[in-house]
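Number of protein chains: 2
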Amino acid sequence: MSDLSKNKIKWIRSLHQKKHREELGLFIIEGEKMVAETLVYAKDSIELIAYTNEFNIGQFDGESFEISIKELEQISLLKTPNKVFAILRQNKTNSSIDKKKLIIALDGIQDPGNLGTIMRIADWYGISDIVCSKTTVDCYNPKVVQASMGAIFRVNMHYLELEEWLSNCSLPIYGALLEGENVYNETLSKNGVLLMGNEGSGISTSLIPLINNPISIPRFGGAESLNVSVATAILVSEFFRC
Amino acid sequence: MSDLSKNKIKWIRSLHQKKHREELGLFIIEGEKMVAETLVYAKDSIELIAYTNEFNIGQFDGESFEISIKELEQISLLKTPNKVFAILRQNKTNSSIDKKKLIIALDGIQDPGNLGTIMRIADWYGISDIVCSKTTVDCYNPKVVQASMGAIFRVNMHYLELEEWLSNCSLPIYGALLEGENVYNETLSKNGVLLMGNEGSGISTSLIPLINNPISIPRFGGAESLNVSVATAILVSEFFRC
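Residue numbers (this note's numbering), protein chains in the order written: chain C, 32 to 273; chain L, 32 to 273.
The hints are simulated quantities; they were obtained by calculation from the structure and are not laboratory data.
These numbers come from a predicted model, not from an experiment.
Possibly wrong hints are sitting among the right ones.
Repeated chains share a single entry, so a pair holds when one copy, or any two copies, can fit it.
Stated by the list, open to error - Only pairs whose alpha carbons sit at most 27 Å apart, straight line, appear in this in silico BS3-like list of lysine-lysine:
no., residue 1, residue 2
1, K174, K101
2, K110, K131
3, K114, K74
4, K132, K110
5, K114, K221
Given only the sequences and the hints, what does the whole structure look like? Please build it.
Here it is, written out as structure tokens:
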């Protein structure tokens with residue numbers, strides 16, 4: 032335990048930006064529940080913990096600082112910071128993609144809450160890999176990390192040239208399209224790729240010819256669309272239900 | 032078109048609070064898409080529109096004000112207000128609950144985004160009624176309205192004494208419980224109640240004995256839980272898939 036210097040605060044605040052997170056291979060988590068879980072499940076990935084006297088840090092040998100609420104407010108991204116703030120190392124293992132399982136492919140998901148929620152769905156169903164276009168929001172964005180509820184530690188995220196990868200993946204590609212086949216009537220393969228598009232514009236025109244199996248969720252009411260994380264949940268469930 | 036007086040601004044800002052929205056039976060919508068849709072589908076419920084010169088109001092005979100961006104910032108709830116702001120009348124018809132269809136029952140949903148998303152799911156599947164415990168977040172909360180994407184105009188929301196209503200509803204009650212039966216193996220009734228609990232604490236202890244059919248979504252991976260709107264989507268989908 033030592034004091035948090037002005038330089039350290041400046042350095043921590045630089046991690047609010049994606050550019051610096053990437054350069055340094057670090058990311059931020061906040062709040063009692065999240066940090067407590069990380070101390071149990073992913074202690075080795077912790078770079079630094081800054082905590083107020085309300086947080087019980089227990090046994091932790093890495094770099095840590097007991098700070099005031101005012102200091103916590105200075106480094107936090109939250110409106111109402113919650114007791115503790117930690118910096119973790121990004122998981123940079125270039126793990127291969129498990130093609131025997133369902134893979135989720137995301138084309139330009141923009142909303143951090145949506146990406147985090149989709150990671151949490153993948154984590155629930157035991158999906159190992161999510162492949163993302165480079166236009167998809169950064170999975171180490173603090174709002175994504177928060178919404179993922181720990182999935183960031185269990186689901187492998189791959190940012191890549193999506194068109195190239197889909198062209199070469201040799202798997203059935205299921206694409207969520209409004210004019211796709213009624214998913215409730217389809218026999219779905221156990222392995223394959225489920226491709227989901229951007230919140231506003233859907234799947235990119237260039238990727239549509241790569242879809243072997245266009246699928247859709249039938250609509251019975253008046254809504255124009257479903258939220259992309261909700262649609263992902265319903266479609267993923269169809270792959271696992273039988 | 033006329034000027035927005037200081038008193039009017041004060042009155043509009045009072046609607047940021049639930050208490051005043053309830054007293055006056057009004058609510059707020061914001062943004063170009065939302066207001067444009069309302070002008071098409073629910074023009075009669077509009078009490079007032081305040082718009083900047085970037086918004087094309089078209090033919091509207093009700094009360095309206097062309098305002099500056101600065102004035103919009105004064106009345107808006109958004110960090111970056113989007114061209115137009117409107118006040119609508121709440122739908123106070125005491126419509127009866129359609130017991131021939133699936134009904135969603137919500138016990139203490141707190142997050143506005145979750146409630147709005149659940150309303151949008153109901154709207155997609157053509158569910159007419161959502162019954163809510165009085166501890167559930169106000170459906171006219173601006174964040175709920177935003178997330179509902181127009182469902183507020185098509186889905187009937189009923190705030191009531193949930194325990195009493197469930198006790199007397201004479202319908203099969205399906206409750207989402209972690210230790211429930213695997214929903215994928217169940218034969219689900221076409222009408223009935225799907226009861227979903229609070230984000231943190233689940234379904235209230237007092238309501239659990241009222242559940243005839245405890246159901247759950249099987250877990251294949253490491254996540255501790257699913258977001259309540261995601262779980263609602265997967266369960267509602269099961270009722271409609273066959």
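Results of checking the hints against the structure:
For the identical chains of this complex, K174 and K101 are intra-copy neighbours only, at 22 Å inside a copy versus 29 Å across copies, given an alpha-carbon limit of 27 Å. Taking the closest pair of Cα atoms, K110 and K131 never come within 27 Å of each other, the shortest separation being 43 Å inside a single copy and 45 Å across copies. Taking the shortest Cα distances, K114 and K74 sit within 27 Å of each other inside one copy (18 Å), while across copies they are farther apart (47 Å). In this assembly of identical chains, K132 and K110 lie within 27 Å of each other by CA distance neither inside one copy nor across copies; the values are 39 Å within and 42 Å between.
In this assembly of identical chains, the alpha carbons of K114 and K221 never lie at most 27 Å apart, being 43 Å within a copy and 47 Å across copies at closest.
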